[in-house]
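Undergrad: Which chain is which? The protein sequence lines are A and B, in order.
Using this note's numbering, read the first sequence as starting at 36 and increasing by one per residue.
Using this note's numbering, read the second sequence as starting at 6 and increasing by one per residue.
Don't read these hints as lab results, they were simulated from the structure.
Worth double-checking, as some hints may not be accurate.
Some chain A residues near chain B, calculated using beta-carbon distances under 7 Å [unchecked claim]:
no., residue
1, Ile-200
2, Gly-209
3, Arg-291
4, Leu-292
5, Trp-299
6, Arg-301
Since the structure is predicted, the reported quantities are computational estimates derived from the model, not experimental observations.
All C-beta atoms in this analysis are idealised placements derived from N, C-alpha and C, irrespective of residue type, glycine included.
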Amino acid sequence: MHKIKDFAQGALVPVLVLILWEACSRAGLFSAVVMPAPSAVAAKWWAYLLPAQAQEAGQSWLAWAFSGELLHDAYSSLYRVIAGFLIGAGLALPLGLLMGANTRIYALFNPLMQILRPIPPIAYIPLAILWFGLGNPPSFFLIAIGAFFPVLMNTIAGVRQVDGIYLRAARNLGVGQWTMFTRVILPAATPYILAGVRIGIGTAFIVVIVSEMIAVNDGLGFRILEAREFMWSDKIIAGMITIGLLGLAIDTAVSRLNNHLLRWHRGLEH
Amino acid sequence: MSSPILIDNVQKVFKTPGGDVVALKDINLTIQPGEFVCLLGPSGCGKSTLLNAVAGFQPPSDGQIVIAQKTIRSPGPDRGMVFQEYALFPWMTVGQNIAFGLEVQKKEKAEIDLVVNQLLDLLHLKDFRDRFPKDLSGGMRQRVAIARVLALDSPIMLMDEPFGALDALTRRNLQDELLRIWEKLGKTILFVTHSIEESIYLADRIVVMTYRPGTVKRDQVVDMPRPRDPASPAFNDLKRELGRLVMEEQQRHADAEMKLAAVD
Ligand SMILES: Nc1ncnc2c1ncn2[C@@H]1O[C@H](COP(=O)(O)OP(=O)(O)OP(=O)(O)O)[C@@H](O)[C@H]1O
Ligand SMILES: [Mg+2]
Numbered sequence: 036m037h038k039i040k041d042f043a044q045g046a047l048v049p050v051l052v053l054i055l056w057e058a059c060s061r062a063g064l065f066s067a068v069v070m071p072a073p074s075a076v077a078a079k080w081w082a083y084l085l086p087a088q089a090q091e092a093g094q095s096w097l098a099w100a101f102s103g104e105l106l107h108d109a110y111s112s113l114y115r116v117i118a119g120f121l122i123g124a125g126l127a128l129p130l131g132l133l134m135g136a137n138t139r140i141y142a143l144f145n146p147l148m149q150i151l152r153p154i155p156p157i158a159y160i161p162l163a164i165l166w167f168g169l170g171n172p173p174s175f176f177l178i179a180i181g182a183f184f185p186v187l188m189n190t191i192a193g194v195r196q197v198d199g200i201y202l203r204a205a206r207n208l209g210v211g212q213w214t215m216f217t218r219v220i221l222p223a224a225t226p227y228i229l230a231g232v233r234i235g236i237g238t239a240f241i242v243v244i245v246s247e248m249i250a251v252n253d254g255l256g257f258r259i260l261e262a263r264e265f266m267w268s269d270k271i272i273a274g275m276i277t278i279g280l281l282g283l284a285i286d287t288a289v290s291r292l293n294n295h296l297l298r299w300h301r302g303l304e305h
Numbered sequence: 006m007s008s009p010i011l012i013d014n015v016q017k018v019f020k021t022p023g024g025d026v027v028a029l030k031d032i033n034l035t036i037q038p039g040e041f042v043c044l045l046g047p048s049g050c051g052k053s054t055l056l057n058a059v060a061g062f063q064p065p066s067d068g069q070i071v072i073a074q075k076t077i078r079s080p081g082p083d084r085g086m087v088f089q090e091y092a093l094f095p096w097m098t099v100g101q102n103i104a105f106g107l108e109v110q111k112k113e114k115a116e117i118d119l120v121v122n123q124l125l126d127l128l129h130l131k132d133f134r135d136r137f138p139k140d141l142s143g144g145m146r147q148r149v150a151i152a153r154v155l156a157l158d159s160p161i162m163l164m165d166e167p168f169g170a171l172d173a174l175t176r177r178n179l180q181d182e183l184l185r186i187w188e189k190l191g192k193t194i195l196f197v198t199h200s201i202e203e204s205i206y207l208a209d210r211i212v213v214m215t216y217r218p219g220t221v222k223r224d225q226v227v228d229m230p231r232p233r234d235p236a237s238p239a240f241n242d243l244k245r246e247l248g249r250l251v252m253e254e255q256q257r258h259a260d261a262e263m264k265l266a267a268v269d
């Protein structure tokens, strides 16, 4: 009962906004080209979702069901986010662990990191195209940069705040350097690292949309820019809603993963 | 068999911005194998410093600690330590915490399982094997910490106010458990406390320390059969006597703090 009530309460304002928007559109208050009615957007979103062609002979039902433009775009964007994020985080994590654990390495790398960190990933676009041309590689590069710094900074902080008592207890049990790293420092730092991962994925998701506007011809970012050229505002909004839904799905997945990996952690409410 | 702990003329000086702090001075003690020794004294008298030196975390500035003909310079699994703050690894379950030291020693999986099961039994932790420390009470956590150290099968156990944070009932319960395990396994135990009653209840020998510099004020043998009755006249006579000694040092501690406050 509570759930239904909460849901109804949460849905109230969005539904009112939609009704108002629909009413204004029907009354002819905005031009349909500039601001289409929500019903038109919904219809477009549905069309965007469904397969464009009829099922071909020999094509499996599943392949056909997923042949729609929207799912293809969402898949392309998601693929870029994940690949770029894995590259960025994959480099940031070991570097962060080393910088956090060793003051000499920290002193060597920190100045460079501090200079590079404030440069927004968007500012790398010209260089990305120059270096990697068109297609996926410049996207991967930009997304990796977007994910790199949040993960790096949080990993360093996470390693530095590891309570000395754990290190002592581990040394007392006869733990060597490698085991100390993998079984004590790394898990002790995971709450921080995962917070960095969550920020990093968020940044990666922003960067993927931007990067798709420059160098590729699929993905949600590309699609809404393409729709603008044809003045398909309903498709632009349908694309934006899809971006929102995908972002929400990614964040929910990461947060689930967090809860699972941190099930031992005291600060967790669930 | 295990060998005695020789604490030979140990000094420890901490260099601080406010000047040198002489935490330990002229400490000479021999702890026999199988002996249960309590270090007793007010806060700041250097009990943890001495224990950490024996553990090998902070070597003395002068003098040495010798066990089995070897001078202690680093921690080792022959000297298991139980910390006041439990120091269980929160990301490991109870079973994993206990197994960790054995995994580090690259023991066979079957052997590890066997030892872990024995220890879960010994410390009445059977039902908690797959729980994380955050779900345990303080008393339970300290049982796990003891089991984790027992898994190493080290001849020496070092304990730094292990029951200090527990309520009186849980505390007595764990003291009895500890005595039972000690009698059963024949460990050498060096146990830090600032509770006079706890030290008389547990120890074969109580070393009372002075406050700054930390020296040995009294090396007291406790010659009472166990289980000891805290209400008995002998217990209370000793309690009064040790209380007097500790109070003197407590007073010096308080005076020192008053002086510091006056300077500020
Ligand atoms: N790392 C350090 N640097 C400077 N001074 C220290 C350091 N560690 C301990 N001391 C000082 O040495 C003295 C002894 O400290 P220690 O922690 O051994 O006391 P303790 O007897 O264990 O006290 P408590 O009962 O509060 O744990 C204290 O006066 C403390 O201020
Ligand atoms: Mg102490």
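Undergrad: With reference to the structure, classify each hint as holding or not holding.
TA: Hints, one by one, checked against the model:
no.	hint	verdict
1	Ile-200	5 Å, holds
2	Gly-209	4 Å, holds
3	Arg-291	18 Å, violated
4	Leu-292	15 Å, violated
5	Trp-299	4 Å, holds
6	Arg-301	5 Å, holds
The structure fails to meet hints 3 and 4 from the earlier list, while all remaining hints are met.
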